[in-house]
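The lines below spell out each chain.
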Amino acid sequence: MSNAIIEVNQLRKSFGSNEILKGIDVEIRQGEKLVVIGPSGSGKSTFLRCLNFLEIPTSGTVKVHGDYFIKPGGKFDEKHVASLRTEVGMVFQRFNLFPTMTALENVMAAQIKIRKKSKEAARETAEKYLRKVGLADRMNHYPSQLSGGQQQRVAIARALAMEPKAMLFDEATSALDPELIGEVLNVIRELANEGMTMVLVTHEMKFAEEVGDRVIFMDGGVIVEEGPPKEFFHNPKHNRTREFLQKVEH
Amino acid sequence: MDILKSLDFATAFKDLYPELLRAMGTVLGATICGFILALVLGTLIALGRLSKLKWLNRLLVIFLEVIRGTPLLVQVVYMYYVVPLLVSLVVQFWSPGYQLNFNAFIAGTLALGVNYGAYLSEVIRSAITAIDRGQTEAALALGYTNKQAMWSIIIPQASRIALPTFGNYIIMMVKDTSLLAFITVSELLLRTQTYASQTFLTIESYTLLAIAYLILSLPMAQIVRLMERRLRRHV
Numbered sequence: 001m002s003n004a005i006i007e008v009n010q011l012r013k014s015f016g017s018n019e020i021l022k023g024i025d026v027e028i029r030q031g032e033k034l035v036v037i038g039p040s041g042s043g044k045s046t047f048l049r050c051l052n053f054l055e056i057p058t059s060g061t062v063k064v065h066g067d068y069f070i071k072p073g074g075k076f077d078e079k080h081v082a083s084l085r086t087e088v089g090m091v092f093q094r095f096n097l098f099p100t101m102t103a104l105e106n107v108m109a110a111q112i113k114i115r116k117k118s119k120e121a122a123r124e125t126a127e128k129y130l131r132k133v134g135l136a137d138r139m140n141h142y143p144s145q146l147s148g149g150q151q152q153r154v155a156i157a158r159a160l161a162m163e164p165k166a167m168l169f170d171e172a173t174s175a176l177d178p179e180l181i182g183e184v185l186n187v188i189r190e191l192a193n194e195g196m197t198m199v200l201v202t203h204e205m206k207f208a209e210e211v212g213d214r215v216i217f218m219d220g221g222v223i224v225e226e227g228p229p230k231e232f233f234h235n236p237k238h239n240r241t242r243e244f245l246q247k248v249e250h
Numbered sequence: 001m002d003i004l005k006s007l008d009f010a011t012a013f014k015d016l017y018p019e020l021l022r023a024m025g026t027v028l029g030a031t032i033c034g035f036i037l038a039l040v041l042g043t044l045i046a047l048g049r050l051s052k053l054k055w056l057n058r059l060l061v062i063f064l065e066v067i068r069g070t071p072l073l074v075q076v077v078y079m080y081y082v083v084p085l086l087v088s089l090v091v092q093f094w095s096p097g098y099q100l101n102f103n104a105f106i107a108g109t110l111a112l113g114v115n116y117g118a119y120l121s122e123v124i125r126s127a128i129t130a131i132d133r134g135q136t137e138a139a140l141a142l143g144y145t146n147k148q149a150m151w152s153i154i155i156p157q158a159s160r161i162a163l164p165t166f167g168n169y170i171i172m173m174v175k176d177t178s179l180l181a182f183i184t185v186s187e188l189l190l191r192t193q194t195y196a197s198q199t200f201l202t203i204e205s206y207t208l209l210a211i212a213y214l215i216l217s218l219p220m221a222q223i224v225r226l227m228e229r230r231l232r233r234h235v
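Chains as they are written, first to last, in our numbering: chain W, 1 to 250; chain V, 1 to 235.
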């Protein structure tokens, strides 16, 4: 057994006749921070959503902690897929907090419903993670009473409270006003420093270089180039990577 | 002028109000039971229509068209006189001699529930589809199954959207209980008609009838408005 947390093998995904992912192979090791970048339509978001099976791949396999979402040749088993999803936390571009619940209830809900924890235990865990993301004083606020940055931090706490083995960030700061991006990046940076395994789809190149252990550049549904951030950002090998980096830097 | 002079609301009120009070109980009972049935049925139909099963969808659409294409009065009469016969016929295959009898109140309440269930299902369905897809995705990512996400995340939000419309339907149902008079349920209309024809206090009787309905529906409208304000705060 390798120490891979997520293993992706020959992943393909089509929507109708439109092939978005054309055979992706990736291994994400324990504690690794993998950054995925690429132009819009490159398939990077679809790739990320395949890692917790929010998109069901057309072919290929995804393993989390050695366990397949669907075994090769096997059938889709919703209960198994759902239970494996709890091992991978996800943070969305648009936060997707539950609007009828307070911040605390948002973080407690899945612990009670899915992890079958008692209310008291769930509350304790929820408070711990809300404090961690700096929202100790906002626990009883509803999402509509919170800023975008605060909402996204609640969303991060909600994912962390399930104590996942890895975290996926799908352009977690793209929907935020510029002055609110920093507070969310700080939380993600802190998580990274604590050794959380994570996959980040992002447009924040500076942050990617600072936090990432490895960068993948996707275009047209394939991985064009990958490498350590220093090399990737300062000495890219492929023309397409160079073009892309020039465009986003200016 | 003679008519006005001979108006006798005092007598009509004195005679009618115990009857009307009892009849208001019937109306309230039929509305509450009918509406609960309609909610359950409407939710199930909505979920069936949202499922991927094509045959179920088609079946439900036919059912909805039948309900929407026939008058409620016909459905009430049908539920009282025809449905028990049909059910008895089918059950008699297994147990000969079986005879189903609805009393008029049950038949009427069932008819109201089925009819309103059909209309509510469309309200519920559009409320469910109005919820952002991201809500389901967030729940799935946390390990909810589709069914769990639907019942504990989506439906609570959708019901808040649907609530004001539900309120209108409850008030409509209060008024539609008057149709149960046709199958001998002694609700407000039937009681009043009987009294009016015996005493010729026509204006008085029917005015009191209208007021009795207002007494039932106005507070309901108010309650719905209050609930709406409370529930919609954080949608």
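Please note: incorrect hints may appear among the correct ones.
[To be verified] If you want a taste of the chain V side facing chain W, the calculated C-beta under 10 Å gives, among others:
no.	residue
1	M24
2	G25
3	G29
4	A130
5	D132
6	A139
7	T145
8	N146
9	K147
10	S152
11	I153
12	P156
[Unchecked claim] In the DSSO-like style, the derived pairs of lysine-lysine whose C-alpha atoms are separated by at most 27 Å in a straight line are:
no.	chain 1	residue 1	chain 2	residue 2
13	W	K75	V	K52
14	W	K206	W	K230
15	W	K75	V	K14
16	W	K79	V	K5
17	W	K119	V	K54
18	W	K128	W	K165
19	W	K128	W	K113
20	W	K119	W	K132
21	W	K71	W	K128
22	W	K22	W	K237
23	W	K165	V	K54
24	W	K79	W	K165
25	W	K75	V	K175
26	W	K117	W	K132
27	V	K52	V	K147
28	W	K71	W	K22
29	W	K132	W	K79
30	W	K79	W	K63
31	W	K63	W	K75
32	W	K75	W	K128
33	W	K230	W	K247
34	W	K63	W	K116
35	W	K113	V	K52
36	W	K247	W	K237
37	V	K175	V	K14
38	W	K206	W	K63
39	W	K75	W	K165
40	W	K63	W	K22
For the record, the hints were derived by calculation from the structure and aren't laboratory data.
All residues carry an ideal CB built from backbone N, CA and C; glycine is no exception.
Cross-check of the supplied hints:
no.	hint	result
1	M24	violated (35 Å)
2	G25	violated (35 Å)
3	G29	violated (32 Å)
4	A130	violated (13 Å)
5	D132	holds (7 Å)
6	A139	holds (8 Å)
7	T145	holds (5 Å)
8	N146	holds (7 Å)
9	K147	holds (9 Å)
10	S152	holds (6 Å)
11	I153	holds (6 Å)
12	P156	holds (6 Å)
13	K75/W to K52/V	holds (18 Å)
14	K206/W to K230/W	holds (11 Å)
15	K75/W to K14/V	violated (73 Å)
16	K79/W to K5/V	violated (77 Å)
17	K119/W to K54/V	violated (40 Å)
18	K128/W to K165/W	holds (18 Å)
19	K128/W to K113/W	holds (19 Å)
20	K119/W to K132/W	holds (20 Å)
21	K71/W to K128/W	violated (36 Å)
22	K22/W to K237/W	holds (21 Å)
23	K165/W to K54/V	violated (39 Å)
24	K79/W to K165/W	holds (19 Å)
25	K75/W to K175/V	violated (53 Å)
26	K117/W to K132/W	holds (20 Å)
27	K52/V to K147/V	holds (13 Å)
28	K71/W to K22/W	holds (20 Å)
29	K132/W to K79/W	violated (31 Å)
30	K79/W to K63/W	holds (16 Å)
31	K63/W to K75/W	holds (15 Å)
32	K75/W to K128/W	violated (38 Å)
33	K230/W to K247/W	holds (18 Å)
34	K63/W to K116/W	holds (24 Å)
35	K113/W to K52/V	holds (25 Å)
36	K247/W to K237/W	holds (16 Å)
37	K175/V to K14/V	holds (24 Å)
38	K206/W to K63/W	violated (30 Å)
39	K75/W to K165/W	holds (24 Å)
40	K63/W to K22/W	holds (18 Å)
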